[in-house]
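Colleague: Here's the letter readout for the chains.
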Amino acid sequence: MNPLLVNPGEEFARIEQDGRRAIEAATTLEELEAVRVQYLGRKGRLTLLLRQLGQLSEAVRPAAGREGNRVKDLLSRLLEERARALEAEHAGAAVAAAVEDRTLPGRARWRGGLHPCTQVTDEICEIFRTLGFVRGRSPEAETVWYNFTALNTSLDHPAADAQATFYLQADAVLRTHTTPMQIHVMQSSPPPIRVVVPGVVYRRDPWDASHAPAFEQVDGLAVDEGISFVDLKAAIAYFVRELFGRETKTRFRPSFFPFTEPSAEVEVSCTVCGGGGCSTCKGTGWMEIMGCGMVHPAVFEAVGYDAERYTGYAFGMGITRIALVRYGIPDIRLLYEGDMRFLEQFA
Amino acid sequence: MNVSYRWLKDLAPTLSGTPHDLAARITQLAVPVDEVVDLAWGLEDVVVARVTRVRPHPNADRLVLCEVQTGDGVAQVVTGAPNVVEGAFYPFVAVGGALPGGVAIQRVNLRGVWSDGMLCSERELGLGRDATGIMRLSGGFEVGAPLVKALGLDDHRLVVDVTANRPDLLGHWGVARELAPGGVRGLRLAPFPGHVSARYDRVTEGAQAMAGGVAVRIEDRDGCPRYAALVLRGVRVGPSPEWLASRLRAVGARPINNVVDATNYVLFELNQPLHAFDLAKLRGPAIVVRRARPGERIRTLDGVDRELNPEVLVIADAERPVAVAGVIGGAETEVSEATTDVLIECAYFEPKRIRRGSRSLGVETDASYRFQRGIDPEGLPAALQRVADLILSVAGGVVQVPAADAYPNRWTPRVVRLRPERVSLVLGVEIGRDEIAAELEPLGMDVRGSGGPLEVTVPPWRPDMAREVDLIEEVARRWGYDRFPDELRPFRLGRTQDDRVVRAVSVIRRAMVQAGFLEARSVPFVAAGVGEIPLANPLAEDEAYLRRWLLPGLVDRVEHNFARLVRDVRLVEVGTVFVESGGPLPREEVHVAAVWTGRREPSHWMGEKEWDVWDLKGRLEAIAPHVVGPSAFVRPLQPGSEAERALPFQAGSFAVVTQDGGWMGGGGQVRPDAIDAPRWAGPVWGFEMRLAEFGAPARRYAPLPSFPAVERDLALLVPLDCPAAAVGDAIRGSAPETLESLSLFDVYTGPNIRADSRSLAWRLRFRAGDRTLTDAEVDAAMKVIIRTLEEKLDVTVRGA
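Residue numbers (numbering that gives the first Met the number 0), protein chains in the order written: chain F, 0 to 346; chain X, 0 to 799.
Honestly, I wouldn't trust all of these hints.
What the hints assert, rightly or not - Which residues of chain X face chain F? A partial, calculated answer using Cβ under 8 Å:
1. 31
2. 492
3. 496
4. 500
5. 513
6. 522
7. 563
8. 601
Keep in mind that the hints were calculated from the coordinates and are not lab data. All C-beta atoms in this analysis are idealised placements derived from N, C-alpha and C, irrespective of residue type, glycine included.
Given the sequences, and given the hints that come with them, work out the whole structure.
Modeller: Set out below in structure tokens:
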């Protein structure tokens, strides 16, 4: 007599047990497929048994059906899991085969990296942090008052010509320097002030190897009672040694910025040739790296600081330019192309 | 400003040092010198030659044969220059010699005729820009003489970058004053070769004066505080003598004729722009200084017909404008070879007026450049005398007295108070009263006062000396920036703190770098339609707006890489975008965006995989808390929502939202129509979100568990229309507090699953902080969970 008809539950349990064992025992995907065919295939043990359910009496058929389906689901799942395990094992076997050859390449990961300008910015800000400067932020679109007027620069004066300005409206410009941060910072806080603000600035210069219509600068500001030109020189000389190396020399020469007085241009001994003269320093042995000076009293007056009581110094430099010099990048446009092959060099 | 070394030495005979020494001193003392040019450089082989005969070339219409006296005999030279004249002198390089830059001159056969040497143009000799013909030398020369000697080219040009605050350095006199020992007292005006002194009376008057019979009237006293003029009759206009021409060439100016050259000479020497009118063409004759009238026109020296406006100050005769004051002369009254009588203008114009006039006409000249920076209003008489002497010396003629000097707005000396203690405070070193005076006096400042503040009277050529701090700078730079120590002194910390956004951005950048992304930068100019905020004066039409989103720029960068056959791209950018605010300034938002495509890992022999949508979602979920805040979450974007149009993603993208549902950005697969990708490229994934300001989450220690956990797996049969998130929420919602974690570890659909369902397998981990959980407790909890799932979601346990 057909065992199912005697005791369907027992027969399903047997199939379950045998199936489990067979699945466990399979060591290759091929063997596993054979097991699947043996149990769940068109002529598989379970399939055949399930087909016979119709011969059962009405009373036991539903229960037997549920049990049969449960075993079928279970075996299906176990087959899936075992297949996955075998796949993983197979990969492991490949490793095992390869283990003999330890010269095979390891598995690499993509290397990420900060933009060279970010790296220079962070480095500059960290150096100034050791001199007590915190890091701030300032808007990129400004009114004429913030960008020029409050900084003692009249549009009626040729000094404004040096900066080709992008206008949004008659009274709205893209900042031509990060210097307006001085006004925002002093308007928001009384002295003492020690802050550096890096950021994008805009000049209406067409693209070429050394010009971009947007590039990066950092401005610094220190205001307190009793700050002097000596403090400025000391801070800048310290900064230059930290950024370019101990042996780098600094020199100040007179310059003009409407918002500082006395004003100075800072030159450092050329980091490329060491001062001997090369194409980077145009043969002079010196490179201009930043402008600086004592905060002009007119700027203090614009923000309502007491210009008699407080003095201060300010400085500004081109981050982009420093990045070009530092890494020997010949063309500023490379910084903005997003070329993976370029950026990977700084990762 | 180009400075001739020899000119400087003529003005300051006590000045010592080589050209490079002086350049270094100017740089250290006042303004930078960009370049020192040796004008004789490369001219060793160039001699003066005379062309004695010019014949047509037998085989070429455009060439001529010249017989040239070279000092070494006669050479035959073939040239194509259109301007060879028999009897004139030209620069010549013989065969075997070289041009500046080392081009060797060889004997060449030009269309069947041998040419022995070369007649040179200005450009070939580095003496000017003119390459249209060979350089004809004016005056008499010794044939065969070195050109350097003959033209006085043994000189150096110092290219000085004069800053906008130092108009006094725009002439040789001012530069010499800055450099000479003893300053202003060490200078003298050297006599010219064949010097003739002009003698005339000059009476300073109000707004009206007479110059040799010409009425001079200033109508606009604000625009023109002073106007001096002198009439010279019987001048012979012609080429300048070589010494004058070479002086002008030394500073990079082009000789024109002796009268115009004389005015330019004084311009470069004394920083006083001058203008010569052909008196015969002045109607009246009269000079009126006034605003242009609406609709008035003038043809200027550069041949352009210009419409004037009342912003523009003009010099008019009795009827019409004859010059744009301080900017450019008129063509009709220009001095020509036929001119015999001239009126020389020597004026002071108000800087702002000249600036506006020059800008509104779009013309900038040597004169307007100086006027708008401010010349010496008291220097006019000396300049007029100097130019009169020079014209009489090089062009002859006589002065017709009197000279006019209309001076309605007198300059008044400015006295600035200077406190020695303030000098020390600002500069940080003690500089004594006497030292201060010793630094200022050579600059022409009168320093007075014993005890208390010093009273410093500022000379008229220093309009930049307006307040005390200006004088402090003078003291500092004259004293020497190099002499200040650079010792670090104690300082107080500031009151402000690091900006929060800067900190957040730094964290985000680093997280993305950790994940293998390279940071890119792009310039925020985009085409119309991509940005909201237009520029009033863009550089290019496709860069006429400010970006509203970072992503389109990054997609361009992916295309850039595809074009270079780079298939694996991972770029991140943090930057400002500009949003219409309704006010004059746009609102600025800091955005974070990334794009990536290609393989998840660098190529490896065990196989490799491409980025997929679950990498995208995982990246979003990892980064969103840093950008948007701890409460940020990522969910499928509702089709048809506003946000769908903002970013160029395909259907099936995600939204990043805040706890209260505010949309902060999203991520997805870049739509194929939004990127120009080659066939071999993989899907391009990306995201963009707005940075929100939020406080860094406070971290607190939680005790590590001391009781074991109980784990249960739950395989669920879930209808296809029921999202996994709903199942997860239902499990969490119905579980007791002891549910420590819930994870989905398997999703399956297949032959063993009902077609309208899928299997989701979850792992639940329970743990109590104060005791070991019993199986019974967990079983009870599981029962509740399962019942809830069945009732609420029609989800059943698989196999049950």
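Colleague: Does the interface hint hold: is residue 601(X) within less than 8 Å of chain F, judged Cβ to Cβ?
Modeller: Nearest chain F Cβ about 4 Å off; hint holds.
Colleague: Hint check: is the beta carbon of residue 563(X) less than 8 Å from a beta carbon of chain F?
Modeller: Because about 7 Å separates residue 563(X) from the closest Cβ in chain F, which is inside the 8 Å limit, the hint holds.
Colleague: Have a go at the residue 492(X) hint: is there a Cβ in chain F nearer than 8 Å to its own Cβ?
Modeller: holds, 5 Å
Colleague: Grab the minimum C-beta distance from residue 496(X) to chain F and call the hint holds if it beats 8 Å, violated otherwise.
Modeller: holds, 6 Å
Colleague: Do the numbers back the hint for residue 500(X), that is, is its least Cβ distance to chain F under 8 Å?
Modeller: holds, 6 Å
Colleague: Quick one, is the residue 31(X) hint okay against chain F at 8 Å, beta carbons?
Modeller: The hint holds - residue 31(X) has a Cβ within 8 Å of chain F, the shortest such distance being about 7 Å.
Colleague: Against chain F, run the beta carbon of residue 522(X) and see if the smallest gap drops under 8 Å.
Modeller: holds, 4 Å
Colleague: Given residue 513(X) was flagged as interface, is its beta-carbon under 8 Å from a beta-carbon of chain F?
Modeller: holds, 6 Å
The structure shown violates none of the earlier numbered hints.
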